[in-house]
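Number of protein chains: 2
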Amino acid sequence: MRLATLDDGSKDGCLIVVSPDGGSYAPAPVANLQAALEDWDAIAPRLAAINAFPHALDANRLLAPLPRAWQWLDGSVYPSHGALMDKVLGVAPEKPPFPQMYQGVSDTFHAPRADVPMADEALGIDFEGEFGIITKAVPMGTPASEAGAYIALVVQINDWSLRKLAGPEMKTGFGWIQAKPPCGMAPFAITPDELGEYWRNFRPALHLNVQWNGAPFGNAYGEPMAYGFHELVAHAARTRHLVAGTVIGSGTVSNETYREVGSSCIAERRGIEMVDYGAPRTEFMSYGDSVRMEARLPDGSAPFGVLEQKVVKA
Amino acid sequence: MRLATLDDGSKDGCLIVVSPDGGSYAPAPVANLQAALEDWDAIAPRLAAINAFPHALDANRLLAPLPRAWQWLDGSVYPSHGALMDKVLGVAPEKPPFPQMYQGVSDTFHAPRADVPMADEALGIDFEGEFGIITKAVPMGTPASEAGAYIALVVQINDWSLRKLAGPEMKTGFGWIQAKPPCGMAPFAITPDELGEYWRNFRPALHLNVQWNGAPFGNAYGEPMAYGFHELVAHAARTRHLVAGTVIGSGTVSNETYREVGSSCIAERRGIEMVDYGAPRTEFMSYGDSVRMEARLPDGSAPFGVLEQKVVKA
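Going line by line, the protein sequences match chains A and B.
Numbered by the numbering used here, the letters in the first sequence go through residues 1147 to 1460 in order.
Numbered by the numbering used here, the letters in the second sequence go through residues 1147 to 1460 in order.
Keep in mind the hints are simulated off the structure, nothing from the lab.
Every clue listed holds true.
Since copy identity is lost for identical chains, a pair holds within one copy or between any two.
For lysine-lysine, the following DSBU-like pairs were computed, each having C-alpha atoms within a straight-line distance of at most 35 Å:
(1) Lys1317 x Lys1282
(2) Lys1282 x Lys1157
(3) Lys1233 x Lys1317
Taking the hints into account, I'd like the entire structure generated from these sequences.
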């Protein structure tokens, strides 16, 4: 099942069920995705039973599947990304025996084709291609062995970052506020079964194709997460309940073979350049730059649709 | 103007306007506080004009004034607190030239008289007495000189903390997830004018009386914030817009004279004991323990009402 959210002028938009080919839709019998998630076990079967899609889908009318959420927790569980980032940011944090995770701004997820306003071009504007999941309500203390059952949907995320602010904030130990403006989300939120055998041990086993201003930038593979999403849910829920509609991210998709597959953010390429040349050569984004992200299955299909966002001056 | 939220079974509760003596209330002509904040300039004068309070107020029926928020950003701007905490947590983070701030869980603020469920008594359960503000919508890039005008309400917060988890999370640089379960909020959210001359340069110039299991624990003074709330709003809004209903905290109220005035959290007392005796002597909270927090004006009145919460096993 593929779900999306049409812009109807409201803050939460209007939930729709999207056809298998992504070209048409049916209205959902519930106001919005947040409402559906709050009663997911009853509503999901009704959404899945829809098999007629009478309306043509205009991708430009789509909001993020969840345009705002009560909670956004972003992991960083691709080890090859963490090592390069420490180099780029000039930090040397401890690598803990648990998944790294921060809480980010959740009141806004930008639409898949949004112009994204940034405060200052000089702050090191960067994209981060990620996978994410959206949960049902999760009781406090749910163990990883049970946490996978609370994953309702899988999503694809662009975690916008301001790199010049990231190192100084990280050194405080308090995490990021200014370095992490709102994220974007690809058009379709999908149930894990949509990925079939490519949803493995609660990891998305597909490539994330990233283009910057139309040029290929990365095609990293999603599976080598050091922790699966079930473990990220359990980590987040150890001392708090998670409300329905909690979004949890993987962190930037990254592979040890980054020299072959490329990267899902600019900072990682700069880290490689620092290793190779002693200094970065690739600049961060400028106003007017665009990024396109599209996870693809081996048959070439894009289960989350295409995210294509442009940076503009706020 | 004093506002509160009655438990009517809904997630956001029912907004009420409270009488000057705190003993009675009138229903507000808007569904809940979040809705009021989204149209604050129009609605606040209507609320302020209410001068008949026909219903007796039962404090046990009150939720947090804002039972859930889209964003909770907590500063740490009392310098004497930060220095002691580094000692207690065994960390030595850089003290940056900007206010320390983390983003915490905002989907739940516990009621003023809630039993607060905790996952494990061994995790170092602690209270943190704070002041906070709730904003109208704040445009990205609002400077401190203009940010004070976006402060709608002042609140009193108990930022529950799990100290045994705080140091390891802080060392990752990602901030806290497990160490910071949901906060509590005192009964009344008040407009700054309710504090009169005791709202000074966007700082609450009143004492926060804290009792642990009925025994006096602290009575720290709120004014000596290194940054005023206007500066915290500006810091938070530098690279993101703030949605209406964003809650921003001061961090634990603390004074350089903590040996005389006491502390607003147990960890700080343990820090003092480490200085005096080489090791802490005061244990953290046990199940069944209670904390009472009540900010008082010189005339003895409690503008935010009384927060009194008990720790229970989840």
